[in-house]
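Top line first, the protein sequences correspond to chains A and B.
Its first residue numbered 1, the first sequence is counted upward by one per residue in my numbering.
Its first residue numbered 1001, the second sequence is counted upward by one per residue in my numbering.
Worth double-checking, as some hints may not be accurate.
Derived DEER-like restraints, expressed as beta-carbon distance ranges [claimed, not checked]:
(1) B:S1388 x A:T565: 34 to 42 Å
(2) A:E469 x B:N1561: 51 to 59 Å
(3) A:D520 x B:E1040: 48 to 56 Å
(4) B:G1372 x A:E134: 32 to 40 Å
(5) A:D114 x B:P1559: 21 to 29 Å
(6) B:K1286 x A:P375: 21 to 29 Å
With a cut-off of at most 25 Å between alpha-carbon atoms, the simulated SDA-like pairs for lysine to any residue come out as follows [to be verified]:
(7) B:K1454 x B:Q1544
(8) B:K1039 x B:P1021
(9) B:K1543 x A:N576
(10) A:K128 x A:E142
(11) A:K262 x B:K1116
(12) A:K463 x A:D506
(13) A:K128 x A:I151
(14) A:K219 x A:T517
(15) A:K50 x B:E1550
(16) B:K1050 x A:T542
(17) A:K198 x B:E1550
(18) A:K154 x A:V127
(19) A:K50 x B:S1553
(20) B:K1292 x B:E1239
(21) B:K1116 x A:K128
(22) A:K50 x B:Q1544
(23) B:K1050 x A:K198
(24) B:K1050 x A:S567
(25) A:K463 x A:P559
So the derived list for chain A, only partly shown, Cβ under 8 Å to chain B, looks like this [as the list claims (entries may be wrong)]:
(26) G49
(27) D125
(28) R167
(29) A192
(30) K290
(31) P291
(32) P389
(33) S400
(34) G406
(35) T542
(36) Q544
(37) R547
By construction, these hints were calculated from the structure, which means they are not laboratory data.
Predicted model, so just to flag it, every value in this text is computed and none were measured.
Glycine included, every Cβ here is placed at the ideal spot set by N, Cα and C.
Number of protein chains: 2
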Amino acid sequence: MAEKILRVNMTTLTGAFEDVPSEWAGIGGRALTSAIVAKEVPPTCDALGKHNKLVFAPGLLAGTPAAQSGRLSAGAKSPLTGGIKESNAGGTAAQNLAKLAIKALIIEGAPVDDSKFYGIQIAKDSVKIVEATELVGKRNYEVIKTLSAQIAPKVGVLTIGPVGEMRMAAANISVKDPDGNIRSHGRGGLGAVMGSKKVKYVTIDDTNGTGTPIADPEKFKGAARAFAKAILEHPVSGEGLPTYGTNVLVNVLNEAGGLPTKNFRTGQFEGHDKISGETMREIIVKRGGKPKHGCHAGCIIQCSQHYVDEKGEYITSGFEYETIWGFGANCCIDDLDTIARADRIMDDIGIDSIEGAVIIGVAMEAGIVEFGDGPGTLKLLEEIGNGSPLGRILGNGAASVGKAYGITRVPVVKGQGIPAYDPRTVKGIGVTYATSTQGADHTAGYAVATNILKVGGFIDPLKNEGQVELSRNLQIATAAIDSTGLCLFVAFPALDIPETLAAIIDMLNAKYNLTLTGDDVIALGKSVLKTEHAFNNAAGFTKQDDRLPEFFSEDPCAPHNLTWTMSDEEIDEFWNF
Amino acid sequence: MAEKILRVNMTTLTGAFEDVPSEWAGIGGRALTSAIVAKEVPPTCDALGKHNKLVFAPGLLAGTPAAQSGRLSAGAKSPLTGGIKESNAGGTAAQNLAKLAIKALIIEGAPVDDSKFYGIQIAKDSVKIVEATELVGKRNYEVIKTLSAQIAPKVGVLTIGPVGEMRMAAANISVKDPDGNIRSHGRGGLGAVMGSKKVKYVTIDDTNGTGTPIADPEKFKGAARAFAKAILEHPVSGEGLPTYGTNVLVNVLNEAGGLPTKNFRTGQFEGHDKISGETMREIIVKRGGKPKHGCHAGCIIQCSQHYVDEKGEYITSGFEYETIWGFGANCCIDDLDTIARADRIMDDIGIDSIEGAVIIGVAMEAGIVEFGDGPGTLKLLEEIGNGSPLGRILGNGAASVGKAYGITRVPVVKGQGIPAYDPRTVKGIGVTYATSTQGADHTAGYAVATNILKVGGFIDPLKNEGQVELSRNLQIATAAIDSTGLCLFVAFPALDIPETLAAIIDMLNAKYNLTLTGDDVIALGKSVLKTEHAFNNAAGFTKQDDRLPEFFSEDPCAPHNLTWTMSDEEIDEFWNF
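Excised from the complex, chain A in its bound form:
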């Protein structure tokens, strides 16, 4: 069963399987989505127009028994940043696609009559485009439930909520997880691109799909075992994340003074204990929820969870540090139940929860609701789902809120909200925010690892020295990892345990009968970044887009009382590789 590209044209409402061009044969995930977008999408096109394309690609290891290999990359020109976007998510869709030997799904064009929405139904060697009228306006949990009942309990689902239908620039794409709950291609507004193509959902039924074979199964098995061992041995991926989830970071960042509080005014939050990973675990255990949960089959880190209410009823999962930081410290809401409700609403209406958190922080700055107002916050999120004028201001991102209300404390880079680590206090991540092709994105080059967690060595987070090189190395490595389909958290063991990278390379070589080396992996990462950077430059980006907002250079961040002091020249060194 040879791998294929599935191309769906929404102008003609047709789909076809195509052979994989040789240039794309050896790449997957982010490397592939970015290569396709760079080749086929005019960089200056309207992100919500018919010339943009929405691309999904599982990673190179998707569908194999490798641990952590179920991430799916989604790519397009972003309506939020105006540049190229890759956003990756867990859930079941990557493995479903891999089972059907679909290397990439490209959705292009747009219906001339834009009054209808459609579903794309994929099965073994077949694709159907059907009207999705009855699901229009429906929220994601319901859409997933309805489609799973209609098609098959295990069918993979990609869907947009009302926010994506309304083409708001912070709309995400939801991915069904193994329990029928929600993971998200969160960042960069790809849900709006899907909405502009009038695609409400994609289903992937992998019945009778066998995927592509592993060339050397024995070698693969050995490498996969070594890889899993390294993950479980490392204190972050083997202990911290499984025990507390990503929310282990609240107390860590608060201690470091890098937990952005009250829309990035200070670096410590009085209520940090009430929203910490430790407290969250206690609550979940006491109420009978699940403190550990994997977002895809084969996940051994299990950083997800089922957060439940006092009656033990499910509220949300994939309840991440960045969301909890964002509504907690950033919006001064020290109540986990409220934040869990916010997360639930955002997943359901289909909006990125990081952007959502930054949006509400800026809305509080503008005085729309007070800092700390939990019920007011939930009401604002509902407004987004309902598409009221205020909802549209909010749903188009933090920059949109700042513009609507004429305020300047707006933490965004390239139009995308800055996540959960203050760049004045964790300077390595500041370089990543500034330079990433993706807009402000902590996952693009997670310097927090080395600045704060002392993974891969230590570089003082409070000083400028070494941060550009750190961010560059991490961004290169991340671009490569995002191409394998592995969860980014494998970077923790990879940075500290030499066997990890060797095992990843061995798995790739065993699967595809290749002779890749570590240098090839670095070269791949560099090539991905350069492809993305070239797209952005052709779209009209310049060095001036690689800058943090003015206020970081002016207002010191307590308790360290530092400002952002990286010079333009230092930042621009980033691209010298």
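Chain A is already provided as a structure; the job is to place chain B on it using the hints.
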């Protein structure tokens, strides 16, 4: 009485008169505002932050008896376009400033406590910054009336309405005209910059001001006479504009098929007769309004008017073609009274009427109100003044509306709404829209003159040939004219009657004891454009910003059924000078 720069610091709430640096001695108007902004404002700064500066400068001939010499330039980094902005207006302020020998007013900084608004009260050799509490939230007609009563009937007033106070990116700055009515620095959101500095108004009391002397009064007198003669001799400035105002253009552009209709769908409007200059004159005469009126003392073209209601009560003045086109053809409202009410509301709340028209067109595209809905339109304008969430979406410009509602038929360049001439049918003005440092702006290089009115020769509006050169020559000449403080309409005689330019140069030489030639004037125009272009590039603009929206290249415009076909390479030739 030597000329001075008046610098007001809104951080310290102090003002001081400074000597004019030699580099600025020989320039005025737009040349001066752009030179000051380029020198003193960091190009990448937040346009609504404390590092931006708002600069007002009368032209070189302001305060002299030269006809048409009362235009005031306002400059800053624009919150609408993100680039440099010069917006010029009539009214009395330029002449008031010139009488006080104030060559430029620079407003910089911003109060740390942003809860208050202030007034800047200028008189002979003095400046006071006073709290303006009682005027906060008040609309422009009332502000002008109140201040004129408080200070002096003839005091000059610059003011912002609630839209500027709320820092919306389409906010304008109002200028009191000789009758106490309103002219506007309309484009580019300079009212939001004034609002961000917490300046509600500036008054200029020129009592005992004598201005600076004319070096050779006899020579000046002769030149001024020749200049006035040329203006009155030319059919456009001597007959068309005085008789019908700028609205003479509705029927002309409709006939040419270049009157953008229904948010730039076609080039002809069924109801053109009902909104034409001919009909408007009839209505005004019948109702006892004023069909002719000058926006400043010394205006002999008198293209303004007092438009009155059926009882003869004043509704609005400075009722321009672009506004009437915008609410008429563009929004399909074929009722002049409704459009006049819209103009009145916009002047009063303080929003650019061209941007306002494009905003409502895009709002109709989004389905917020139906095309042709006059009462609905007036309600939307009131929402802007009231600062409701919908009002803020609208008040931040057409691009903001397009983004909020996820639509792609959004006629803007560099974020600024495209005015009243379809670029597919009047290709010379399309080049101006694309390349102007100001964002889409017909006044920056009015190719309509040569494409449609056959002034300065004729270049076929439907073909690409010659348009770049035409636009370039006009943009250079305009930058020079905008620096003299002369009304742009002197370009009509200047293009056809050789004595016009000679007379302008003679007036400048006579006033300042100079020996300028025509080449010097061209060199000045080029230098202004290059200064502005360099600022924009440093702010992060690239060639990709010199492009029209995608839909102009895709959707043909009836009746000529042409698309925009100028290649990127052709457009980029513009800056080769």
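Enumerated hints in conflict with the structure, sorted upward: Of the numbered hints, 6, 7, 12, 21, 23, 27, 30, 31 do not hold.
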